[in-house]
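Q: Listed here are the chains, written in short residue letters.
Protein chains: 2
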Amino acid sequence: MKLLVTCAAVVIALGMQTEVGRAAEKPPVRKLRHVVCVKFKDGVSKAQSDRIIVAFAALPSKIPQIREFEFGANNSPEGLNKGFTHCFILTFDTEKDRDAYLPHASHQEFVKIIKPVLDEVLVIDYWQETKSSSP
Amino acid sequence: MKLLVTCAAVVIALGMQTEVGRAAEKPPVRKLRHVVCVKFKDGVSKAQSDRIIVAFAALPSKIPQIREFEFGANNSPEGLNKGFTHCFILTFDTEKDRDAYLPHASHQEFVKIIKPVLDEVLVIDYWQETKSSSP
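Listed in order, the protein sequences are those of chains S and A. Mapping of the first sequence onto numbering that gives the first Met the number 0: position 8 corresponds to residue 7, and the numbering continues sequentially without gaps. Mapping of the second sequence onto numbering that gives the first Met the number 0: position 109 corresponds to residue 108, and the numbering continues sequentially without gaps.
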């Protein structure tokens, strides 16, 4: 009986520790997304656009305010991409962090690299809402 | 000593169970994003656009293929949003799931609701890349 009680106490203590661990790891309730859709100029080769993408993807290692970074090439079958071929999503914890990213030297250096091959860019930032309740 | 060994065994077993649980919960390595940027027609009131957003946000409860759903209103200080005011990001595990969503009756019902108030829509889907290594 004593063994059982002790084991139960250990199990409960471990459970609590796991919960505390989870709470500590918990990301901020809402994230600030920075969505960048890119359309390269006609005649820009895949090798050129790949170099741009690599340069963009290097920014998180240079700008600590970027919390998450992801991107990809359009594969929508709907044909509603208006010529935009790539999407990049950067995530920030605060507007202050986003505002530090925009004029950051490494970002501005990247802007200089992409500008000559860029036809159009669309940028939307938003505070993430994830509600999915029925109306 | 016996108590210690038994407790240790319980702890190890629990740890293993947690690991197995984690592996089972682990999301797919890459996610398929479906990014939808929306521009409402001039004259559409906030109450009208809010109703549309609520209807959109209700889709995950009707279409099980939608793995994640988030959205938000543009707050970028850059002025590069080309009139698009809202962004919605739906996440799917597979292209098959995305292809089931597009003609899904509940999605098509929503399209009928949004169409009369929609000025423009931009859709980009991509398989998420998250590499951020330096060039």
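Think of the hints as simulated: they come from the structure by calculation, not from any bench. A virtual CB, placed ideally from N, CA and C, is assigned to each residue, including glycine. Accuracy of the hints is not assured; some may be wrong.
In silico lysine-lysine, DSS-like type, Cα no more than 30 Å apart, as pairs [said to hold, decoys possible]:
#	chain 1	residue 1	chain 2	residue 2
1	S	K114	A	K81
2	S	K40	A	K61
3	S	K111	S	K38
4	S	K45	A	K30
5	S	K40	S	K81
Chain S regions said to be covered by chain A (calculated; three or more residues, Cβ under 8 Å) [to be verified]:
#	segment
6	29 to 36
7	43 to 50
8	73 to 79
9	108 to 116
10	119 to 129
Computed list of chain S residues with no C-beta within reach of chain A, every gap over 10 Å [stated by the list, open to error]:
#	residue
11	A56
12	T93
13	E94
Q: Work down the list of hints and note, for each, if the structure agrees.
A: Cross-check of the supplied hints:
no., hint, result
1, S:K114 to A:K81, "18 Å, holds"
2, S:K40 to A:K61, "40 Å, violated"
3, S:K111 to S:K38, "16 Å, holds"
4, S:K45 to A:K30, "23 Å, holds"
5, S:K40 to S:K81, "13 Å, holds"
6, 29 to 36, "holds (count 4)"
7, 43 to 50, "violated (count 1)"
8, 73 to 79, "holds (count 6)"
9, 108 to 116, "violated (count 0)"
10, 119 to 129, "holds (count 10)"
11, A56, "5 Å, violated"
12, T93, "12 Å, holds"
13, E94, "8 Å, violated"
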